[in-house]
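Number of protein chains: 2
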Amino acid sequence: MKYGFSERVKFMKSSAVRDILKVINQGNVISFAGGLPEEELFPISAVDQAFHKAITTNNKALQYGETEGVAALRLALAERMKKKGLTRDPKDILVTSGSQQAIDLFSRVMFNKGDIILTENPTYLAAIQVFESYETKVVAVESDDNGMVLADLEEKIIKLKPKCIYVVPTYSNPTGKVWSLERRLKLLELANRYHVVIFEDDPYGELQFDQQAAPPSIASLDENDLVLYTSTFSKTVVPAMRIGWIVGPHQIIRIMAQAKQATDLHTNSVSQHALVHLLNDFDIDKHIQTIRDTYFERMLVMKELLDTVKLEGLEYMEPKGGMFFWVTLPKSINTTELLDIAVKEGVAYVPGAPFYVSNPELNTMRLNFTNSSPNLIREGMEKLAKVLERANLRL
Amino acid sequence: MKYGFSERVKFMKSSAVRDILKVINQGNVISFAGGLPEEELFPISAVDQAFHKAITTNNKALQYGETEGVAALRLALAERMKKKGLTRDPKDILVTSGSQQAIDLFSRVMFNKGDIILTENPTYLAAIQVFESYETKVVAVESDDNGMVLADLEEKIIKLKPKCIYVVPTYSNPTGKVWSLERRLKLLELANRYHVVIFEDDPYGELQFDQQAAPPSIASLDENDLVLYTSTFSKTVVPAMRIGWIVGPHQIIRIMAQAKQATDLHTNSVSQHALVHLLNDFDIDKHIQTIRDTYFERMLVMKELLDTVKLEGLEYMEPKGGMFFWVTLPKSINTTELLDIAVKEGVAYVPGAPFYVSNPELNTMRLNFTNSSPNLIREGMEKLAKVLERANLRL
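Quick mapping for you: the protein sequence lines, in order, are chains A and B. Under the UniProt record's numbering, read the first sequence as residues 1 to 395, first letter to last. Under the UniProt record's numbering, read the second sequence as residues 1 to 395, first letter to last.
So that you can see chain A by itself, here it is in the shape it has in the complex:
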């Protein structure tokens, strides 16, 4: 039988990264491609105890729950955010099935066909995918090491009247960039002047390497109910729980909860109750410090090896946190074409092109340093160096 699909299927793309991962996972390849946290760091025993408590303490906890999320978890989230300067009532929080769902539900209640969304370029590719699946137009704003270039941003706001500005301002995926405080404040000023909503995606904010933290979240600087802020426990506890949250203006959160009700009734509440116990009984901040230290060490190992690659024109910025190096190669090297050769040599990365909204730079790649041990990073980077040096010679 021939099936008639919806028009919106045409605007759905499969994730380039997830498709690449499927291929890579089949072989014996050292992968810098995924955005995976290190499994060895999962707090297994604490997670085990938290689930045990959640399951055995109160059988009402295993019943259907509220769409907005488990009340005790929303309270705990409000308290955690408050410590970081983001003060919001628990009723302004919606617990989601990972922060990916926050992006989707927000899109569902906000965007009509043809709406404009401004983003950095490159940016988180799965956000672009969600936005485009709602038949919106995603437009790139120029950016530099400190964030979006404000002149270009203002010009595009005036000209295009965007519905939303999407940013990953802290240890961004894919570039590892951190927006300066000044840019954060100016972004808010422009958003307020022109009445544009900001969507702040912050999955990596906890993963800082410096003693000095990144500037405060944009949401915590917002005085005009302009910002939706989303984060997740996928990088700080375990991804398999799929627990994220979004906080922001109650009017938007309330409508998103209504959309969520139709989508999946509510987020897995075994995991929500387990998280409540974990946050009470386990020193998650100490655990996060261990993650930071481990990732910082791995980042330094990768940096050291990047520095030994004999390739004029190779550039990167040392990340101050997060999970990725963003590497620019000489213009002559197309990283999408090179990937096959790299995989054959036993090392993988993600080509940079899919992260671009427009004008992809084909000579870029994203390298993850969190999911491989220092020894594997060394081994993989030696392979990658060879691949790059040979590619350069051939050209």
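One or more hints might be untrue.
A pair counts as met if it fits within one copy or between any two copies, since identical chains are not told apart.
In the DMTMM-like style, the derived pairs of lysine to aspartate or glutamate whose C-alpha atoms are separated by at most 20 angstroms in a straight line are [claimed, not checked]:
| id | residue 1 | residue 2 |
| --- | --- | --- |
| 1 | K60 | D19 |
| 2 | K383 | E345 |
| 3 | K60 | E40 |
| 4 | K386 | D340 |
Think of the hints as simulated: they come from the structure by calculation, not from any bench.
Once you have looked at the hints, place chain B on chain A.
Same frame as chain A, but now just chain B:
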């Protein structure tokens, strides 16, 4: 700030049932309103052990997983369905965050604005809500005790060219009805003749009271790749896990998986792995038999008390499974208006009106018998009988 929402927000409705539940849960009310399984029957110890095993056996299981679902779970689902005559390859299965998400993802990839969906009347209200949120038109087909009336169905197929026929053919919500084998086969014949997809929603199929099972699922009778079949573990294990699945033509399942990737990456895989262990280590069929026996007993208690209500014109059909009585009262009684009085008297139900696609019968109500003990059922039904008898006298 004033926010500009999407057009589709206008087509979103909050669930009448969930809104009612919020009110009821605040007071000291015996509730026959929800569709909740009995918490006392949750297999706590088996669930606890299954999660313990899932969390401690393999830390890769706590990493990001495949969008389609955990391979071992899809295999186990294929085996379970095969025993019930529904033979499908694991690759034709998508694990979802409850069967509610299966309805939503299916809608997302299939429906355009203005598409027609045929349903029974009344039917599962949260399905109507999802369909309408995609700006479709849901049209009711006449039905009787055995399922849809085929003449009306064929006429509407020819006249309206529907995209899909949505059915809950086994112990349906809200009516408790079971489609006869003949109607199931004829539905397939019509769907095949006119090339219409069938969506079979089967959350209650396991909850049979008779020795004799209901007729086979429509999906298991399908020889032409016409049927999408969805079910869930919410009624047989615990709802809080939010694990459902959908099985059907690979072409549709594949596109739904792509939509799911953008929606929430994948379903909570701690719970998926736990379910794999539960299905291996625990006699779930024996457990389901205990659930059946308990619910059957409660249904009989409620029936006995329904029979004592002194109200000419009160009608119901004894359910052969599932969780609900569907009660029709004299035309003069409006159950929506009566609910306030009932709640004040300490008993609650769901008015029938929201379950109707069109022409709601205002003198209907849905009574749940699974979430109250026999004693509470007696107490609540005595209160309800008084409320009904007095309402009748006043009119």
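Exercise for the section: Using 20 angstroms as the alpha carbon limit, work out where K383 and E345 are close: within a copy, between copies, both or neither. Expected result: within (7 angstroms within a copy, 76 angstroms between copies)
task: Give the relationship of K386 and D340 under a CA distance limit of 20 angstroms: within one copy only, between copies only, both, or neither.
output: Within one copy, since 14 angstroms is at most 20 angstroms while 76 angstroms is not.
Requested in this report: Please work out whether the CA atoms of K60 and D19 approach to 20 angstroms or closer within one copy, between two copies, in both situations, or in neither?
Outcome: For K60 and D19, only the inter-copy Cα distance (19 angstroms) is at most 20 angstroms; the intra-copy one is 40 angstroms.
Notebook entry, point to check: Is it within a copy, between copies, both, or neither that the alpha carbon of K60 lies no farther than 20 angstroms from that of E40?
Noted result: Answer is between: at 9 angstroms across copies they meet the 20 angstroms cutoff, but 33 angstroms inside does not.
Of the numbered hints given earlier, the model fails none.
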